[in-house]
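Asks: What follows is each chain in one-letter form.
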Amino acid sequence: MNPNLKTTLKYLLLAAVFVYPLFSFANEYVLHVMVLIMIYMVLAMGLNIIPGFCGLLDLGYVGFYGIGAYTAGLLTIHFGLSFWVIVPLAALNGAIWGVLLGAPTLRLTGDYFAIVTFGFSELVVLFLTNEIWLTRGPLGLPGIDPVIIDFSWLSTLIHPQWDWYWEFIGPQPYFYLGLFLVALVYVIMGRMEDSRLGRAWFAIREDSIAASSCGVNLLTYKVIGFAISAAIGAVAGAFLARWTMFLSPDMFKFWESFLILCMVVLGGLGNFKGSLVGAAILIALGEVLRIILPALNLPTETRFLAYGMIMVLMMRFKPMGFFPAIATQSRKNPILIKLKKDLGSS
Amino acid sequence: MNILDIDSLTMRFGGLLALADVSFHVARGEILGLIGPNGAGKSTMFNCISGVLRPTEGDMLFEKDGKLMRINGYKPEKMTHFGVARTFQNVRLFSALTVLDNVRIGRHCRTKANFFGAVLRTRSQKEEEQRIVDESMNWLKFVDLEKFVFNTAGSLSYGFQRKLEIARSLATEPRLLLLDEPAAGMNPKETKSLIDLIHKISDLGVTVILIEHDMKLVMSICRRLVVLDHGIKIAEGGPREIRANPKVIEAYLGRGAADA
Amino acid sequence: MFEQQLINGLTLGMIYALIAVGYTMVYGVIQLINFAHGEIFMLSAFLAVTFITVFGLPIYVVIVLTMGCCALIGVMLDIFAYRPLRQSPRLAALITAIGMSIFLQNLAMIIWGSRPKPFVQDALPAFLRTTALTVGDANISWLQMSIFGTASMLMIALFLIINKTRVGTAMRALSQNRTGAALMGINVNRVISFTFALGSAMGAVAGIMVAIYYNTLYPTMGYVAGVKAFAAAVLGGIGSVPGAMIGGIVLGIAEALGAGYISSLYRDGIAYAVMIAVIIFRPSGILGKSTVEKV
Amino acid sequence: MIGKTWLKAVMACCLVLVLSTPALAETIRIAVASPFTGALAGYGDNVKAGVTLKVEEINAQGGIDGKQIRVEWMDEQCEPREAATVSARIAQNRNIVGVVGHLCSSAHLAALPNYLRHGVPVIAPTTTAVAISEQSKDRAGNTWAFRVVYRDDYQGEFLAEYVNEVLELKNIAVFYENNDYGIGLKNAFVGKAKDLGLNIVGEEAYVSGASDFNPQLTRLRGRNPDGLFISGYYPEGALIAGQADGLGMQVAKFGADGFDNVDYINLAGSAAENTYLTVPFLADAAEGDAQEFLQNFRERFNREVDWMSANAYDAAGILLEAIAEAGADRAKIREYIASINSPENAYHGIAGMTYFNDVGDTLKPAFVKMVKDGEFVAAPVQFE
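Chains as they are written, first to last, in this note's numbering: chain A, 37 to 382; chain B, 76 to 335; chain C, 3 to 297; chain D, 141 to 524.
Among the clues, some could well be false.
Some residues of chain C that are not near chain A, with every Cβ distance over 10 Å (derived) [claimed, not checked]:
{"#": "1", "residue": "L96"}
{"#": "2", "residue": "V122"}
{"#": "3", "residue": "S286"}
Not the full set, but computed from the structure, chain A residues with beta-carbon under 7 Å of chain C [said to hold, decoys possible]:
{"#": "4", "residue": "I151"}
{"#": "5", "residue": "L159"}
{"#": "6", "residue": "W202"}
{"#": "7", "residue": "I205"}
{"#": "8", "residue": "P330"}
{"#": "9", "residue": "L334"}
{"#": "10", "residue": "E337"}
Only pairs whose alpha carbons sit at most 16 Å apart, straight line, appear in this in silico EDC-like list of lysine to aspartate or glutamate [unchecked claim]:
{"#": "11", "chain 1": "A", "residue 1": "K377", "chain 2": "B", "residue 2": "E221"}
{"#": "12", "chain 1": "B", "residue 1": "K216", "chain 2": "A", "residue 2": "D181"}
{"#": "13", "chain 1": "A", "residue 1": "K374", "chain 2": "B", "residue 2": "D219"}
{"#": "14", "chain 1": "A", "residue 1": "K374", "chain 2": "B", "residue 2": "E316"}
{"#": "15", "chain 1": "A", "residue 1": "K376", "chain 2": "B", "residue 2": "D209"}
{"#": "16", "chain 1": "A", "residue 1": "K374", "chain 2": "B", "residue 2": "E202"}
{"#": "17", "chain 1": "B", "residue 1": "K291", "chain 2": "B", "residue 2": "E316"}
{"#": "18", "chain 1": "B", "residue 1": "K153", "chain 2": "B", "residue 2": "E138"}
{"#": "19", "chain 1": "B", "residue 1": "K267", "chain 2": "B", "residue 2": "E256"}
{"#": "20", "chain 1": "A", "residue 1": "K377", "chain 2": "B", "residue 2": "D209"}
{"#": "21", "chain 1": "A", "residue 1": "K376", "chain 2": "B", "residue 2": "E221"}
{"#": "22", "chain 1": "B", "residue 1": "K187", "chain 2": "B", "residue 2": "E203"}
{"#": "23", "chain 1": "D", "residue 1": "K504", "chain 2": "D", "residue 2": "E212"}
{"#": "24", "chain 1": "D", "residue 1": "K512", "chain 2": "D", "residue 2": "E413"}
{"#": "25", "chain 1": "B", "residue 1": "K222", "chain 2": "A", "residue 2": "D199"}
Honestly, the hints are just simulated from the structure, not real lab data. No residue lacks a Cβ here, since even glycine has one placed at the ideal position from N, Cα and C.
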């Protein structure tokens, strides 16, 4: 396809997605699934830092997701804090736990680290389940407020009749909020990747001994990566809490960790743009199967049979994921583009 | 003044004595050859100096701000920070990354942008990124690899990979450079250009320690040599002395060769 | 009470150990966390019950037959799912393992239904449920005794296979250096398949024992047991067969004592906390060798 | 790169959109949301059986207004996230006029906001959590969520009184499943038991799906209870009974509706003897319709009926009656169901009569069954 046409098409499609929720024919179920996809996009991008950038297997990412979600849920219920205050707090709490877990364990090698993260996420779920005084445990945490944008204090100052107060109802506002969140994380990921930080991570992933002989402090940079990854997971959790307005420890079982890891691997390890595709495919797949199977007169029970088989086949034919190239963001770095031009002309 | 003093250094791996009471010194600006048969402990010596291994006994003293400081037990990244850089016996590049990125990572310890700088793209971060690219390009030109800037490191030929590794280590601004068999696997033409390169590095004022099996190369560029055998220093001196030293001949050719 | 808890833990630990050796052997030869191993454990229980109810075979025959079937399933798993991915990144194989695990679990659910089933008690000798001996205030049933006995016997057999036979030597060679082993004329794929077969057969025995001991089998039973056994394998030092045995027993006892004396709510948590603590202080598990990368 | 990335993501989304456009058909559609895969699929299967039976009956009679009933089986694995997605799908599809589900309280709570906002009447056959009562009304104050099962607190208190007055046990060990059902039931039981002066000698918990209960039982055994209250479901309950027996605990066991499945006896074997349980209906005491239902159920599914199937059958019955009476319109169906609010106009199902209070909860009498000689029989003493 002509590259120009492709670019145009791409932007047209993006624009179509962007305005889609505004139309009256917009299907709320589709929007719901899209919001879900966006949450997983954020999660997959955040997780990609650990196995993708640093080359460490993390089987417990859902722990940070859960920490973020419950931080947001409890702060909303007990203190009525605004979403915009909660997001940074949840991120901070996620990062703190990331450091607490990462600092003693990130010196472990390979699969030992993986199992420790897995154990951690199980402990998080057990905590959420058992500390009923705090989390209501298995009874779940219902009645979390939706996201609210409240500028009424400002509007009344300007004009007494105005009331700038919006409560998010239905999937449309969450769609745009989710889109904003994905875009934000996307930009942060891109900027981190194409920086001293990102290069240090890739160096650790490619050859940690050589990285340390280049002056990269392995533990420090792994912990930084772990903390940032945890913070992103917690932000996704905070969004989830205010979107579903209900939390339960069941939502953070370790299957979720695997699902997110699958998204990352399917998209391409170390390629955070691929994670977007991975998330879209795996979440959409579950829904597509939900619709297709009855149409083919297959019972609902076969849904995960097909899901598992498709996962195996995808790995069989795309073992490197859909986008295996790493550190692609630097292709858009103006300094390098200029350098390329200079080299080409000389 | 010496840049490095090795004082009765001993390294044990369980029951195995890899280095036994080895002492030598390295003068600032010189090119020192570290030779010996396979398994003599040469790479172990490099691993100790560069911080990969912590020696069991003895002292390593490194010149810093005009004074000698004990460097036992510092991590590799700290040693790099002090000004010790190295290459590896089996080339260790970041092979999925581009040639330029490899060298840019070498600049890591001389730069300081952090997460916030990266995400907010502050002015100082941008300027630093520009400087990193410029300096990395200079080093790539220095080793004649500017043609391959955007190729992935893994796609280079073996000789070029060796050179890239040298460029990466130079990017850390070392005062002491440890080259571990840089000519291994190179053809004569590449070896010749390597000799030129080592001279060029030395001309920059960088002290070089060289492990090498290619005796012609070693003898031609090193003024002084230290010979290890089974972890023991058996000789030290100029190329001519070493060549005549019966212990060295014995170590390389076996007992009897020296008498003959 | 302590004796009873110890016996409880030991029984549990023996079962974990039997599953854990399957993980650790496969990990040893191809560095793959075979998450589908838990499902083989589950399938064995269902196969055994099917053999008894449909074909009316005696229990001893059923055990051998099930071991054979599961070994076959393990080999097929290797050939169809993992072999094509030998040269791919490790994570691709890991995801495949997860995918196979989902597939097998749901397959069992479709074939045998999702509700829990009892084991066929009539097929078992009646004395199994009676008390064999009493230690302190603890009753040890013949069933528990036979679990100890069977597990120990299998462990010894496994030890002999790995250390005394040609194929065992090949397995050990493979876990050291696959390329080197191939150059020495070892048929790598065949040895890997054999490893899967051996591990699956062990898992099969564990599956049958669990089904008999708890008198229940259900399609998701492989999930939890598999994860615990994997933790046990890591705890003992992944790749080390004696390590897996010790890890399993340690985990089983920690779980039983933790649930008995600390908090039953944090039962699994105690198992994981013990595991994390051990790994932090012994970064390659109890018996794992720390591998130093040659620079 | 980025172009292709976005392209694929967007295409995947579009695919969902295209595939989810509602098909037009001359049927009345209802949805059943329950776990049909995953760890709790066995329970979902019970619900499926109950609804299937009811719908087949209605369809065999010619459907409603000549239209056949079609059921959309919505698998949600008892996971709140899946349940929220499923509820969005149901709410979106205007052809679906009502829902029977969900099975788990947590999934139900996650799904409710969607039903309330879009106005979908939903009847839960099995969710017993107390918290649901507060979440069943939309902003206008209309109740959309109903349930045909009594709440945990009612059962727990009932059981405590029964134990105290009829079984006359004094030292009770409590073993509960660590989920909403187990905890809710346990809390109600323990609270009432303490009021009644019973002695709770120990409380232990287990997680659902566990299979080894020996450590906790060993601990409870050390306290010498004369009764063991198992607050959970039958698969674990059967194992607990069996393992308690193995440890030599010869005490009376009792549980609630979660035990009402013939598999309890199959799994526990002789250890099931001397177990008492509260149930919403008694097969022996059931009216004529119920006997026919039991017979049909046995023939159709080749197993004994359990309370989940019975409740699902009734839930579907109420929904279909509402459709028949009020028409296939969500709001009218809701109004009709909400109007079933007193014993006089109660729905008479096979699990007794059902009527709803203001928040959609049902008030039903509870009965007590026991296991005797390998069978469930009505307990000799019932309790009002």
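Asks: Next step is simple, just say for each hint if it's right about the structure.
Replies: Hints and how they fare:
1. Annotated as non-interface, L96(C) brings its C-beta within 10 Å of a C-beta of chain A; the closest such distance is 8 Å.
2. Residue placement check: V122(C) keeps its beta carbon more than 10 Å from all beta carbons of chain A (closest about 25 Å).
3. Consistency note on S286(C): stated as away from chain A, yet its beta-carbon is not over 10 Å from all of that chain's, at 7 Å minimum.
4. With 7 Å as the threshold, the beta carbon of I151(A) comes within range of chain C, its nearest partner Cβ sitting at about 4 Å, so the hint holds.
5. Residue-level restraint check for L159(A) holds (minimum Cβ-Cβ distance to chain C is 5 Å; threshold 7 Å).
6. Checking W202(A) against chain C by beta carbon gives a least distance of about 41 Å; that is not within 7 Å, so the hint is violated.
7. Violation of the interface hint for I205(A) is found here, the shortest Cβ-Cβ separation to chain C being roughly 36 Å, above the 7 Å cut-off.
8. Because the smallest distance between the Cβ of P330(A) and any Cβ of chain C comes to about 16 Å, over 7 Å, the interface hint for this residue is violated.
9. A distance limit of 7 Å between C-beta atoms decides the matter here; for L334(A) the minimum to chain C is near 10 Å, and the interface restraint is violated.
10. The interface hint given for E337(A) holds, since its Cβ lies 6 Å from the closest Cβ of chain C, which is under the 7 Å cut-off.
11. Restraint check for K377(A) and E221(B): the C-alpha separation of about 13 Å stays at or below 16 Å, so the hint holds.
12. Between K216(B) and D181(A) the alpha-carbon distance is near 60 Å, which puts this suggested pair outside the 16 Å criterion.
13. About 20 Å separates the Cα atoms of K374(A) and D219(B), which puts this hinted pair outside 16 Å; it is violated.
14. About 54 Å separates the Cα atoms of K374(A) and E316(B), which puts this hinted pair outside 16 Å; it is violated.
15. Pair hint K376(A) plus D209(B) holds up; C-alpha atoms about 12 Å apart against a cutoff of 16 Å.
16. Distance restraint check for K374(A) and E202(B): the Cα-Cα separation of roughly 15 Å lies within the 16 Å cut-off, and the hinted pair is therefore satisfied.
17. Distance hint between K291(B) and E316(B) is fulfilled; the C-alpha atoms sit about 15 Å from each other, no more than 16 Å.
18. Between the alpha carbons of K153(B) and E138(B) the distance comes to roughly 14 Å, so the proposed pair stays at or under 16 Å and holds.
19. Pair hint K267(B) plus E256(B) holds up; C-alpha atoms about 14 Å apart against a cutoff of 16 Å.
20. About 14 Å separates the Cα atoms of K377(A) and D209(B), which keeps this hinted pair within 16 Å; it holds.
21. At roughly 11 Å between alpha-carbon atoms, K376(A) and E221(B) fall within 16 Å of each other, so this suggested pair holds.
22. A C-alpha spacing of about 8 Å is found between K187(B) and E203(B), which places the hinted pair at or below 16 Å, so the restraint holds.
23. Distance hint between K504(D) and E212(D) is unfulfilled; the C-alpha atoms sit about 29 Å from each other, more than 16 Å.
24. Straight-line distance between C-alpha atoms of K512(D) and E413(D) comes to about 6 Å, which keeps the hinted pair within the 16 Å bound.
25. For the proposed pair K222(B) and D199(A), the alpha carbon gap of about 63 Å is over 16 Å, so the pair is violated.
Consistency with the previously given hints fails for numbers 1, 3, 6, 7, 8, 9, 12, 13, 14, 23 and 25, ordered from lowest to highest.
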